[in-house]
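Taking the hints into account, I'd like the entire structure generated from these sequences.
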Amino acid sequence: MAKESRGSEQTHKAHRQHKSGASSKKGKKGKNKGGDGSGAAQKKNPKAFAFTSSTKAKKLQSRTAEIEQRRLHIPVMDRSIGEPPPFVVVVQGPPQVGKSLLIKCLVKYYTKHNLPEVRGPITLISGKHRRVQFVECPNDINGMIDAAKIADLALLLIDGSYGFEMETFEFLNIMQVHGFPKVMGVLTHLDGFKDVKKLRKTKQRLKHRFWAEIMHGAKLFYLSGLIHGKYVKREVHNLARFISVIKPAPLTWRMAHPYLLVDRFEDTTPPHRVLTDKKCDRNVILYGYLRGCNMKKGSKVHITGVGDFSLAGMSSLADPCPLPSAAKKRGLRDKEKLFYAPMSGLGDLLYDKDAVYININDHFVQFSKTDGDNGTASLKGKDHDVGQVMVKNLQATKFSIDERLDRSFINIFGRIPPALALNNNDGESDKRQIDIEDQNQGDDQDLSEKKRAVVEYDTDEDSSDNEGMSEKEAGQPHQSYELREKVEIGDGRIRRRAISSNFTDDFEEEEGDESSDDEDERVDNHVQLSDDSYYSEETDKDEDSGDEDVNSSKWKETDKDEDSGDEDVNSSKWKESLIARTLARRGVNLIQLVYGQPVSNQASAVSDSSGSEQSDDEDFFKPKGQANKGIDDKSSFDDINAEDCSKFMKLQLKDWHARDLIESIRDRFVTGDWSKAAKRGQDANDNGEEGDKSDDEGAYDYIEDLETGEVYNGGAGTDSHDEEDKTGADAEADERRRKKLALRAKFDAEFNGSDQSDEEDKETENKSHGDKPKEGGFFDKLKEEMELRKQLNMMELNDMDEETRVEVEGFRTGTYLRLEVHDVPYEMVEYFDPHHPLLVGGIGLGEENVGYMQATVKRHRWHKKVLKTRDPIIVSIGWRRFQTVPIYALEDRNGRHRMLKYTPEHMHCLAMFWGPLAPPKSGVLAVQSLSNNQATFRITATGYVQEFNHATKIMKKIKLVGYPYKIFKKTALIKDMFTSDLEIARFEGAAIRTVSGIRGQVKKAGKANLGNRPKKKGEKKVKEGIARCTFEDKILMNDIVFLRAWTQVEIPQFYNPVTTSLQPRDQSWRGMKTTAELRRENNVPIPYNKDSVYKPIERLPRKFNPLVIPPKLQKELPFKTKPKAPLKKKRPTLDQKRAVIMEPHEKKLLTLVQSLRTLHNEKKRKRELEKEKKRKAHEKEKAKTEEVLKKRRREERKERYRREDKEQRRTRRRIEA
Amino acid sequence: MGKVAYKKLKGSKNLRQRLVLATLAGTPVVVEEIRSEETSPGLRPYEVSLLRLLESISDDCLVEINETGTKLRYKPGVLMGGKRHMHDCGLSRSIGYFLEPLIILGLFGKKPLTIRLKGITNDSKDPSVDTFRTTTLHMLKRFGVPIGDGLDLKIERRGAPPLGGGEILLQIPIVPNTLSAAHWTDEGMVKRIRGIAFSTKVSPQIVNRVIYAARGIFNSFIPDVHIFSDHRTNATGGGSPGYGISLVAETTTGCLISADVAVSDRKADEMEEELDEKPKLTPPEELGEQAASMLLEEIEQGGVVDSTHQGLLFILCALCPPDVSKVRVGKLTPYGMETLRNIRDFLGVTFDIKPDPNSGTVLLKCVGSGIKNLSRKIS
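Chains as they are written, first to last, in the UniProt record's numbering: chain A, 1 to 1217; chain B, 1 to 379.
Derived from the structure by calculation, the hints contain no laboratory data.
Since we're looking at a predicted model, the values are computed, not measured.
Heads up, none of these hints are tricks.
Label-pair restraints from in silico Cβ distances:
{"hint": "1", "chain 1": "B", "residue 1": "D60", "chain 2": "A", "residue 2": "M786", "range": "32 to 38 Å"}
{"hint": "2", "chain 1": "B", "residue 1": "H226", "chain 2": "A", "residue 2": "K59", "range": "56 to 62 Å"}
{"hint": "3", "chain 1": "B", "residue 1": "E33", "chain 2": "A", "residue 2": "K781", "range": "52 to 58 Å"}
{"hint": "4", "chain 1": "B", "residue 1": "E33", "chain 2": "A", "residue 2": "E1050", "range": "37 to 43 Å"}
{"hint": "5", "chain 1": "B", "residue 1": "A5", "chain 2": "A", "residue 2": "Q69", "range": "44 to 50 Å"}
{"hint": "6", "chain 1": "A", "residue 1": "A678", "chain 2": "B", "residue 2": "G216", "range": "27 to 33 Å"}
{"hint": "7", "chain 1": "A", "residue 1": "R896", "chain 2": "B", "residue 2": "E33", "range": "44 to 50 Å"}
{"hint": "8", "chain 1": "B", "residue 1": "P146", "chain 2": "A", "residue 2": "V76", "range": "19 to 25 Å"}
{"hint": "9", "chain 1": "B", "residue 1": "A5", "chain 2": "A", "residue 2": "P271", "range": "27 to 33 Å"}
{"hint": "10", "chain 1": "B", "residue 1": "P28", "chain 2": "A", "residue 2": "G777", "range": "46 to 52 Å"}
{"hint": "11", "chain 1": "B", "residue 1": "P28", "chain 2": "A", "residue 2": "M215", "range": "44 to 50 Å"}
By construction, the Cβ of each residue, glycine as well, lies at the ideal position given by its N, Cα and C atoms.
Next comes the structure, spelled out in structure tokens:
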């Protein structure tokens, strides 16, 4: 304090403002702005800038409201609980732009490791609460589509020295269709600019172009250059910080589907199978973090570029790259900077479900046998290493284990101990064995566990045999063939006899084994339930004696039972009536009781029938139904043909006049004791809020208190006290409630905190537009509801134990999963390329079905051509990519879908196609071909799915043409229009028209008596398809009659999954070809209709016949209009006849004129001749120069072609690189 | 994918649920060995009728039945819904049998469904149409289907077995996207009892006797009992005489617990079996008492729904978005358990089942399958 005061006394140097430079300018600008603002407030006439017209003001207001509304969007519920999966950063850009280098630099930055090569996803820990997974996007369109589907953030690398390339825009488009993740641009290759001004200009230009594509103000990053072959450290650091703050955007499709980006891939096909057949179907294991939503066991998946598979196995593994513990400290320790990239060959330890692999690089130890030497050469230096010798020995084996086992014979006494025998197997086979066992376990777990009890007491010798086998196997449940047979012998009927003393003896023996215990319980229950009378009689008895007492005793008993495996307790207990015991245990494994049933059920059913066949010899000829009746009478529950009736009929009803009965449920009515009823429903109130409104409200009040800053504990205390008083709940329940409240409070605090700024904004806005309605309330409420629901979910799920939780909700997002897929085509393994992201997406219910889909699509404006109906396109919908044949259509005003031959140029249209169904609203991306060497824009159309149908109605126009066959007055028989009378019947009443425009109607099929009769008497057959039509006027025989109608267009049921993962990646996938391609290949010209070809129109001069007025009419005409044509003269007139004799003077004149004309003509001829000569000379000259020019031009062209070729070769090389 | 992979099932057990779930999940099914061991093998007329009903409300669904009717192949199509549907349910099962699947399927159609069903409205085997109107439709409310908004059931004619002649008009809205998960565990206390007693082609006095008897039992529990009477004659009364009662108990938390019984002559096919025995009809007094005790037993069992509606409740829970639904029921009925198994098989939804020792009820929790109304067209 004193120091400070002294400090205040001290005189500081006054602040000197900069008078030049950027900062001074900035200050001035700011000041000016401020001045403007203040000036506005102090303006002389502030009203001058207010609204003058009310309509204008209204308009502006509605506009701002609209903008405000557009900003809002319905919040999406985030159902993920727990640690989120790593954040996927896809690095994309055209070739040679520096993608791998950027990833390497980022990895180096995060982990201080040098990455030799970027292959596959690289997971690393970027912060205390955050993991990042880097993926490099390959440059072919498939890879881009897959990468866009998984990206949480896309880093678009742009070559600054070149500008934008098509790849960037294509990728942007793909992302837009498949849900738009976060995007950040990165400019590289900026060190090529020598001129600073030019650099700045370029940056500016590129930035604005980038903004135009994404949004104004989108982040564009600049990497100025390389230092020692790496990006500048500072810039990478900045970029990393930007990456670390970005939150993933919630995308509808991904929130609804589980998916994983495979970061490890193993082929676990038994090696001998591969040895025998190299092209056999493989078993693969895929590893990756689960994203999107929870994934349940038994769901189907789609592996992109391969196809749909059902999972053979699915298990969660320990996180290979776990987040550091949540201890309070500032940064990450070096130890915690883990990273995981098995495909890049990094990380020496690999964990599997049942094994750990240690990866030792080949150059450290050389184990593999070289071809030349016999293994002795490598042994030279270090032959003393036992392990190595063993490995070498293993390599030298010729036969697989199965073969060896076949050859070997059992040697009872002098044989190798099993452990050693196991050790002899090489690691691979060992693992395989375990795998098989696991698999068996997985498959038959229910079966085996359920049946084990039966099996074990059935066969004692068996177990002794088993002891002779390996230790491991003895520990495992036995699953040999032998055992299964045993299982089938130990059929349901044996187990049915559960109550008999015989069984109980066995039961005692088995008591120690927990699983068998369970099994027995289940059997008991099963028997009880199968008995119809169980519900009616036994329960009645119990309930008569008073519900609560029985219940409590039940629970105590079960507890005891679980605690002690003692024989004594059990023996004492089983002496009680078995029914009571089963009743007591009913609750313990209700889940098992419900879900464990079917397997045994079927088995018992089967055995039932077989048993009946075997046993009843005497009534061999009994009718089938009756024979079964005796057995099935009791067990309608097992009956696979049981009656389907939701009503549960009780045979006997209680007498509700009895006083004690009435008392027993007295408290279930409002007239009863409320406090007792509350006690009964207490548990429900504990967990469920919905019912108890007052409780909820109390909680809310209490939270509000928290907001205002009241003490947390005090509030909770009083609350809980009240609660205690009211219900008298025990401490445990109270604690739980408190925990819940705390949780909610925490959430609310967070919730409000995050939205605080938003709300404040809104408030200020509200102030500014005084009368604006508050629409934030709805959204807040919605958000709050969602968050409440999430908390509720979390609470309910956390109550369960791990196993049931996985069973109920599936694996949570963020777990590291191991998916086992069987029978994958061998090509997938063969051509597996870690550079291409492999995506495994879960298939929702009903999405594996195939049907017609209707999508709205629009041709991409950068695609050069319009799309043609029935030309195959490759579409990417959901996870899938497939080739299909669409039919384009437009919806008419009357709701009819009219086929289009081509897509409209700048408009949306409907596309109908056949394929695996995707839910409405999922994006559709169409590509014409997947080849890389296309210079232009590769995306042809985009859109979204509108609905799916199984039947589609697309219509097109059809014109039926017919010709008159016979014409009556206004009726005509028309032929060739229809082919049968049946067809005519369908078109009765249809409007028709002749070419000349006479309208008419189809009446009926022409009958025989109407001229449509056989020409000869012997000919019986009346010609079919002749229609009687009427017209508004008589038509001519040479008229053509048209009928215009609509016909349905069939949509080809074709789709072809794109299987790019099953072929070398550099090959382009070939699907169905378009007609144009086929024509080009086979040199087939486009077919055309000769009649449709345009020909020059020849119009002959029309010749009109002279007008003849009948003499009768002529007579009646007035004189004025009567034709007054003179009569034809027979003799020549005088003019024509006379001769001309010239005067001498005239003759002289004529000769003179004649001679002058000759002279002129002669002169003209000479001139023409001269002209011709000149022209020829000129032409000669011209030809000469032309020759020279031609030569020069040819040389020029040659030069140009050479240059272009060189350039092309360079670009190709770059693409290849 | 090319070939359709059929899910194989055996027996006619729970055929309705299996068909409903197969339709919603889009799974083609083959059901084999349908009563293959019985004297009269194959599908029953009512099952065939149900299949025809499914065909009529969906588009491009495939139903194949082999000659003996012991094998059924069903490939679901797209649920269309729509107006002016009509279906004759036949006389072998009552309309209640058809209503149960219909109300679930109707929710997930392309358009709201309006359908007129003809047949038997009340019998003792299936829940009566009154119970549907008063109880079942209100259950949907809990799952986010707005009631009153196109959700309606009108009883235009009543029909008792054996001749039927009843007619109802059912309207079901579609869910815009998904249902909403329910957290429905508080059963509350019974605050009132309502009911409807009907009679067709018998003396109207019978209804009063039924009501009187039922009230007699309830009197010792609660005074707020009101049972309506519905006496039908002529055409609105259907073809044959009968009477019955449907009771609903409403709790303080809005749970509805129902019970119903009906009495009439035996159905035609049942008569064949026991020709010589002239079936004795329950007298009205006994019927009333029976219904009342059934309701009381349902109340005693606890749970937010009665035993009849357990299956429906579980299916609705399983159809919710992937949130946790939690419900409380009384004892699990065999039908309910079968439902749970079918749900697991078709939708992959497993329930966490925990008994509540305090009240002798069972708490079930599940995470919904997240089924969306996919057939709906978006614009």
